[in-house]
Amino acid sequence: MERMDRLFLYLRIRRSIQRLFILGFSLLYYCSLSTGKEFKIGLIIPYKTVALHVGNNFMKGENFAAAITIAVEDLNSNPDILPGHNITFTWEDSKCEELLTIRQEFKMINSRVSAIIGPGCNCKVAARNAAAFHIPMISYMCSSTELSDKKLYPTFARTFAVDSQVTPSVISLLKKFKWTTVAIIYENLTKWIDLKDSMKRHLKANGIKVSYEGSTIGPFALHSKVMDDRIREMMSEIKNKARIVIFVTSFHMAREGIYIAFQENMISGEYVFIAFELDQVYAAKRKKLPFLWFQTDSHYRNSSDFVSSVQKGSEAVLLLTVKAPLGSTYADFKKRLEDRTKDPPFNSSTYISNQGMTPPVFGAYLYDAVYQFGIALNKTLSRNETPVGEAIIEKMRDINYLSIQGYQVHIDANGDAEFNLTLLSSKYNPKTKEKEMTETGNFHIVTHTVTQRGTPDFRYKENMTIDWPGGRKTPPKDHPPCGFNGELCSVDEKKDNKTTIIAAVSGALAFLVLLFIANFYRHYRAERELQSRFWKIDYDELCFEHRRGSNTSLASTVMHQRDDDEEAGIPLLEDTTAEGKTTSIGKYKGNVVTVAKLPTRSIDLTRKVLLELKQMRDIRHDNLNQFIGACAEPPIVCIVMQYCSRGSLQDILENSDVKLDHMFIASLVSDIVKGMAYLHSSDIRSHGNLKSSNCLVDSRWVLKITDYGLPTFRSKVKKSVDNYAYYRDQLWVAPELLRNPNRDIRGTQKGDVYSFAIILHEFHTREGPYANSNLEPKEIIHRVKEREYPPFRPIVTKLIGGVEELRELMTQCWEEEPETRPDFPDIKKIMHRLLIQNGMKTNIFDNIVYMMEKYADNLEELVMERTGQLIEEKKKTDALLERMLPPSVAEQLKKGKAVEAESFNQVSIYFSDIVGFTSLSAESTPMQVVALLNDLYTLFDDIIREYDVYKVETIGDAYMVVSGLPIRNGSRHAGEIARMSLHLVDAVQTIFTVRHKPGYKLKLRVGIHSGPVVAGVVGNTMPRYCLFGDTVNTASRMESNGEPLRIHISDQTKKILDQLGGFIVEERGEVFLKGKGNCITYWLIDAVKKRQLSVKGKSHHPNGNPLLSYLTAPSQFGSTGSLNVRRTDSFRKNIKSTPSPKPKKKVWHKFDVEDGLLGADHTAV
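In full-length UniProt numbering, the protein residues as written are 1 to 1165.
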């Protein structure tokens, strides 16, 4: 006993240690996922070998593994998916061996992968392991039906459609034609037996009885007499048990059954046979060559007789076939797959050595698996959820996605991809004059309100129906009139058919009489209502208080109330738009209304027009703008609608000041959907002009759709064709309507769905339709009309946070084929599910208090932000003004005061120019001249900051500075100008270098004179602070009569300098000055106490030029065509890494040494 107790204790301790190990590993795994920016996925693939029960070596991973490389690249390059994150991958070969698969899986788990893509085979144990470690596993090839059990495999999903997924489409087809009893013929192979068993379970769950099931002998007996006898035996038994026969077989076997059914006279119209073709390769081939549906390569059959019999027998066949890949997207993908297979990490030459080999469709399944994982991971992170298996796989269940194969694919609630099937039936082709299998209908995913799950729903293609055999107009019944055993007909009824016929005829006649009376009374009431004209409004009853013209849609104008007496009573209807329509605001019976005058003086009140007006009068819905009435008496024809004070949805979306959170957006979208769903169910049927400007918002933030109905009235609004406004209005129109020049003004319901998709795009971008396109509206319309693939649609760069599902809904609604777009009732269910999932109510009033609080907070933040921006702009304006004018003068101008001219008794004026500037300019390009002057005067500007001077202006190479104004400084003005002049001349001699001519030395010529001047602001436009007086002219003459690199001063300046002391002056002698005659002048040689050559506050480049000027002027790093060189990272690196030329002169600033820009040979002064 002790030994047994110890054994049990040992087992319990061991089990506890294992649990602790798994728990600790899972916690480490969560932490690595939640904090990392890089997500690594692991691919497990049978690279070289595929087990025989799975497939053949054409399906080996080597032929399609590079699809993961393409998918990862596409995910990382998409800015909308995982922004700020990155995806990488690793891969291992499973060789289709279960034990190796498990070892490779644990190897990836230990490397902390975020997801496992695969495996290709032996999936059940691997999927259980993934569930234990909470790792998502998405397979591209696993076909086991047991993996659909989410209790056992909660973290498993697949993009590969297993055969059992054909069952929902079969059930949808049976329900469409109200067939509740079927027979099943299945092929004697494990694959088809499993499908038959699964189908039986689902048929029974949906109330459909399987009255017979029979098995073929096996594929080895195909095209043999033994097989024919077996099928003939089954057909004989079916005649007494069913009328609807389902072939759960390959199409080759089903074709044999159709051949035998034709021989057994079962194609008369009483029987229907349902068959499948689930191989995409064969389906695509037969789509291009329809006659292959009827042919066989067997020598056992007489070819012509067999083909003729199968072709006639196909009249009773409904064929469910997998859609072939559409458009150029899949073709481009296959080309990329072939190219990338030879690249790392796979490095395979399979497509080089096997020329002409086509990549298998599993490459598309692998691409979809990786890409859908990226989307699910993005949704998980955006909702701040931990990216573990259950959370990610939950985002992949019950969704629709656009496959790389070019069409929509549905993943059901179990995470299994469903077949995208289409229905083929026999139809006459007038071109070939033969019956062919033609695409008749498709299966659309419909979301149920209660279960919130999507199931296929069969729908005919536009203008298509099934041509039933025997010339029938309706589908055959699933049983004979009296049942298979006469149980539906009593004995008395059989004996007394005459009495039955008489009673039936009498009842029918009585019913017809009652129907006629009811119809007559209904018609009488309708005519009375039409003639009563409750909609009629007398124009004199309308009161207009203000006027405004509008080119928006009916009733979409918003008025700002004004109290101008002179406008009171002026009729708005005088203002007309380019379309000839006027929209204005008025009052009717005390209520504010919108009045839209049409550009016609009269309209015929025909019965059709009266019926339209009655329909509008009867429409009542919270999300449809109410029709009040109409004025139809000449000479004024107008429509009166409800007034919505907050304007159109377009105005709100394009106003960046209006902040819309996801709750607000979802409520507005829900209002559109509810309004359109009601409109489509009414007698009006469709809108025809749905766009954001025709969606109005009232004072309670309820969205109302307007501009619907009244096609006769709307046809009176003539739009100018071939102008910008016309083509912009067409941006919401569906492509199939754009291609129809004579389209009905009422549009179509599918066209309204397309328009709704464009409005959803506006919600995402808030910049109008096609805002991210640089094309003109006319070019956009042309591209939409052209059948491009993929279709040309707006680009969505930004997603609405919290309701990312709206983007998926948008892409479904603007599908190229109208029949693939959902209807508004289906969209309404999707929106209801979206609101419930996000914890929102369908009515915005439940959240209005919360919204108003956020709005108030947002308004306060907006006011503070705008106030701060205003202060910053004012500072910039003041700084700019003070750089153009003296601060004292600028202050007077800012206060609105007039600046009067002011006289100054003593100032000193400095003039300088460059000797030989004309010849230097002739030898230089204009950009080099500008760079030279910019470098020189930037240096001068830095120097003069250290002196009590004011820079007046620069004209070409002339530089003018004054001291002693606008703030007087006694006699110091001459000393300030003198020291500044010496500083400038010394800098030009010793420091400055002409960038494009390093060996050339500038020669500065300077003149100074002191005396009285008058200063003031001249002009209103670009005002300038100017100096006037003889002192200005004399200073200019001193400069023009000077010599290079010398400072020429007048006698008046010399006397002031003598008074100040500390300056060395040399007499020049008499010089003739124009207007002055001969005057004694002097040379300023030096100053005893001059300042050091230093300028604070700005660093320079080692060549002596200011660094700011260096970056904003042409140089070896920038283009000579621009003075604004952007300082990119590469530019900064270039400056740091490129060794500076060794200077021969001193440079200005000590900051160069501190910043490490100077070498050891540089000296700072």
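There may be inaccurate statements among the hints.
As the list claims (entries may be wrong) - Only pairs whose alpha carbons sit at most 25 Å apart, straight line, appear in this in silico PhoX-like list of lysine-lysine:
no.	residue 1	residue 2
1	Lys431	Lys461
2	Lys951	Lys1003
3	Lys589	Lys608
4	Lys461	Lys312
5	Lys427	Lys178
6	Lys951	Lys875
7	Lys379	Lys875
Keep in mind the hints are simulated off the structure, nothing from the lab. Since we're looking at a predicted model, the values are computed, not measured.
Evaluated hints:
no.: 1; hint: Lys431 / Lys461; in the structure: holds, 20 Å
no.: 2; hint: Lys951 / Lys1003; in the structure: holds, 21 Å
no.: 3; hint: Lys589 / Lys608; in the structure: violated, 28 Å
no.: 4; hint: Lys461 / Lys312; in the structure: holds, 23 Å
no.: 5; hint: Lys427 / Lys178; in the structure: holds, 22 Å
no.: 6; hint: Lys951 / Lys875; in the structure: holds, 22 Å
no.: 7; hint: Lys379 / Lys875; in the structure: violated, 45 Å
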